[in-house]
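Chains A, B and C, in that order, give the protein sequences. Residue numbering for the first sequence is 1 to 227, as defined by our numbering. Residue numbering for the second sequence is 228 to 477, as defined by our numbering. Residue numbering for the third sequence is 478 to 969, as defined by our numbering.
For the record, the hints were derived by calculation from the structure and aren't laboratory data. Hints may contain errors.
[Stated by the list, open to error] Here chain C is said to cover these stretches of chain B; the calculated rule only asks that three of the stretch's residues, wherever they fall, bring their Cβ under 8 Å from a Cβ of chain C:
1) 232-242
2) 252-261
3) 274-284
4) 343-355
5) 418-431
[To be verified] With a straight-line cut-off of 20 Å between C-alpha atoms, the simulated SDA-like cross-links for lysine to any residue are:
6) C:LYS685 with A:SER121
7) C:LYS680 with A:ALA128
8) C:LYS534 with A:ARG43
9) C:LYS515 with B:GLU473
10) C:LYS515 with C:HIS493
11) C:LYS515 with B:ASP244
Nothing here was measured: the structure is a model prediction, and the numbers come from that model. Beta carbons: idealized from backbone N, C-alpha and C, even for Gly.
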Amino acid sequence: MSSRDLILGRVRRALADGSGEDGAPPEPGPEDGDSSYEQAVGRSYLREHGARSPAETVDLLAENLADYRAIVHRATEEELPDLVARLLDRRGSRQVLVPPGLPSVWLSAADPAPVDDLAGSTPGELDAVGSVVTGCAVAIAETGTIVLDGGPDQGRRRITLVPDHHICVVRVPGQVVASVPQALGRLDPTRPLTWISGPSATSDIELDRVEGVHGPRTLEVVLVSAD
Amino acid sequence: MRVALFLTCVNDTLYPDTGRAVVDLLTRLGVEVDFPMGQTCCGQAHYNTGYRHEAEPLARRFAEVFGEYEAIVTPSGSCGAMVRELYPRMGERARAEGRGDALARTLAPVVPRTYELTEFLVDVLGVTDVGAYYPHTVTYHPTCHGLRGLGLGDRPRRLLQAVKGLELRELPGAEECCGFGGTFALKNADVSAAMGADKVRNAESTGAEVLCAGDNSCLMHIGGTMGRLRTGMRPVHIAEILASTEEPGA
Amino acid sequence: MSGTFVGMPAFPKAAHEAVNNTTLRGNLRHATHTIRTKRAKAVAEVSDWAELRDAGKRIKDHTLRHLDRYLVQLEESVTAAGGVVHWAADAEEANRIVTELVRATGESEVVKVKSMATQEIGLNEALEAAGIRAYETDLAELIVQLGEDRPSHILVPAIHRNRGEIRDIFVREMGAWGRAAPEGLTDTPAELAEAARLHLREKFLRAKVGISGANFMVAETGTLVVVESEGNGRMCLTLPETLISVVGIEKVVPAWRDLEVFLQTLPRSSTAERMNPYTSMWTGTTDGDGPRALHLVLLDNGRTDTLADEVGRQALRCIRCSACLNVCPVYERAGGHAYGSVYPGPIGAILSPQLRGTASEIDASLPYASSLCGACYEVCPVAIDIPEVLVHLRERIAQGGPVTREGNTVVLRPARGHAAERAAMRAARWALGRPGALRAGQRLASRTRRFHPRTLPGPGRAWSGSRELPAVPAESFRDWWQRTRGGKDVTK
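Could you build all of it, start to finish, from the sequences and the hints given here?
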């Protein structure tokens, strides 16, 4: 017998007692139609915490990002190129990683040499690059989280990991949701997803939070609006 | 209202003063108290040590002895939680073992009618000021089964705050277990003693004269530790404080 | 489970040493109290915590009740997304599968994300025996590995070490494993984290094989989820060419949407954060991004046996947040090592004896390692009634009965060590079943009270070694009542 059959057989025998439900029929699962499984789970929790205007939701995002030591900036689309240029200049990076679909205007004023996100780059090569600039898929206000999904303006997962400085541009209010449930509804599970809440951190020394371990130690989030 | 005092075996044997205090207090509040002589023990020690089958006859006896009363009042959060939380579970387990509904049906009537003392005072009688006088500094330790099992919340504190002459001092780490835990105190004596010592140190840090709680088994452990550490603090059951009045000899 | 713990003494003996180790007591007290307050604050921020907790419990219970169906669905989804699924009935089989997969790549070293499942099966030791070096990359796991130590906490395996001890381990050991600790390293946490960053970076950059666990697996999509803080997880999950994920079968959830519950409850319960710094979600393989090969090893290793126990199976709801450890007064004083398992604390006390059985001295002692104070149940984000399961396991040990081991029903005999206790319980029940006998005992105690010793001999020393005995009163309440109320109530 294969271990697969062995384990599945053990599971079925373990559950053969009817699970103490007096022979009640098995509860429906998601494949039996959303509504019946949802009934069994009974999602009585909130879709979001509190009622906010779009602008207030963006403010909450900024507040929570900053609370976990992300550096938050605001700009209009027009101001964005200069702001990105200033941030890169302040950082002193000589090279900047660029996802293939990053709007070219974002880096139009920047000095550092652009490095393309290529399949053939080695991790060592990426390690030599100081900064990376990306967009994002969605941002979550209640938790101060940005989510990357490998879209054209975000690139491969590793380019936002190996460089020590990440500038992430969030279009507000369009890309901002209030809560985790709302974010999951917007995301495509078939894409590789990275949820980022502040710079890399650890609680491993005396259960106290310290920022800065393996991921980018500086996370700058630019909230960019149309006007 | 005809109320039965479920004193618990520990109080009956070792802490009769607590029983007398409950009788005095309830009588003062106009409640007719009865002590059914057939009562012994709720079976908690058996149950929690892994002897559920030994606890079952004790639970059945409890249901028989107290079945006819409108309310059953106990000065023990722990034994109160046994009846309210664990009697229904004993019934469920018997059912799951294919022994039918008999046990569940026997125990069901006493479950909702069993009250821990402070719960009975606040929720049933609707009083927080019981007219007590106790001119001492007191710190209150909420015992685990009263706090988390029965959800007594701030009821005991509200009762204590209304006592004339009493100064209530907040106990640091109040919600942490004192380390008694029934047979835990014997089976894991080192950890139990360490927990007890920390509880006593926290109590001492309040500068209070008295550590008050609603469970004499916990107080036996805390008081025993106080004695060994020579703190000079006294453990007192909340019923005895609430029963105290200005008239001497009450 | 891991061979590391075989031959552990019973809990009380192991705890005895910990209780008397003042450094350890100080480290644990400081760390657990720090996180306790923060967790309470993080949870209080969310007004629907009770509803989230209830939904988490229901999702897990539903999944467990239909576990076969969801495992098969998961296998289909993962395979369709380009992953390869393996099934391991026990630790040995899982270790064999992983070893063979690593060998097939031709590599002799792997980088690991912190994973309870691989700790549980002793994967590092198995790989070592096959000539493969496994580098732990989580900071706390690194501290444990460099210090040739054992983990003592689910989230923070090196919680028993303070910053000074960590500095000393880094200075002493890092050189032998790779890049040495920087000159003049101090014990500030930021500098220690920097030292770990430098030490591990060269390993990440050259790694060809990564090994991970997963916090969740979504059956409907085949998505695996790792929740972490440092970025070492992202390194291991995205830089290597081959990724091997070893995951307990209970980690499956039915729907993508179910993550909305756990991604709210897990971070707040474990690190007391609104959200942990990094969460990675991957579904099979992605062309040109991350590993080209994904292997998922589904691990049983006692989980189906646990599932067979109607009361005990709720332990499988556990999402490994470690909130129960952080609030446990017993864990705080006994430390994680006393539990003799990679799963310490309250959850370990109900998980280890179920996954491993209760044959060993340590496993048979774990259900008693609790005062049943209930703080663990109160904070559990999936509402595992740990006290209920502890009592249930005590019953199994004291009274025996049918249990499932490796898929077969066996009938346990009552534990021999509990014979005296069993007799005492029976005698007490006999006496307590008769008010007359109880009264006779009380009167005897009262009459002889002047002769009672202040300390007890034999097993009673466990009490009187640290506590005074209560004084027996001159008269029981029962006698007082009968005397003063005229016995009018002797109706029963």
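For a C-alpha distance cap of 20 Å, please report whether LYS685 of chain C and SER121 of chain A respect it.
Distance of about 14 Å is within 20 Å: holds.
(message) Hinted pair, alpha-carbon criterion (20 Å max): LYS515 of chain C, GLU473 of chain B. Please report holds or violated.
(response) violated (45 Å)
Original post:
Does LYS515 of chain C pair with HIS493 of chain C here, judged by a C-alpha cut-off of 20 Å?
Top reply: violated (29 Å)
Next on the checklist: When I compare C-beta atoms, does the segment 343-355 of chain B have three or more residues closer than 8 Å to chain C?
Outcome noted: violated (count 0)
Item to complete: Take the C-alpha atoms of LYS680 of chain C and ALA128 of chain A, compute the straight-line distance between them, and say whether it is at most 20 Å.
Response: holds (16 Å)
Coverage assertion for the segment 232-242 of chain B with respect to chain C, Cβ distance below 8 Å, three residues required
holds (count 7)
inquiry  = Can you tell me if the segment 418-431 of chain B counts as covered by chain C, using C-beta to C-beta distances under 8 Å and a minimum of three residues?
reply    = holds (count 7)
Exercise. Given as covered by chain C, does the segment 252-261 of chain B meet the bar of three residues or more with CB within less than 8 Å?
Worked result: violated (count 1)
- Task: Could you grab the alpha-carbon distance between LYS534 of chain C and ARG43 of chain A and see if it respects the 20 Å cut-off?
- Result: holds (11 Å)
Check: For the segment 274-284 of chain B, do three or more residues have a beta carbon lying closer than 8 Å to a beta carbon of chain C?
Finding: Our answer is that it holds, as 10 residues pass the Cβ test (under 8 Å) against chain C, meeting three.
| field | Restraint check for LYS515 of chain C with ASP244 of chain B, where alpha carbons must lie at most 20 Å apart | value | At roughly 42 Å apart (the allowed maximum being 20 Å), ASP244 of chain B and LYS515 of chain C break the hint.
Taken one by one, the earlier hints fail for this structure at numbers 2, 4, 9, 10, 11, listed in ascending order.
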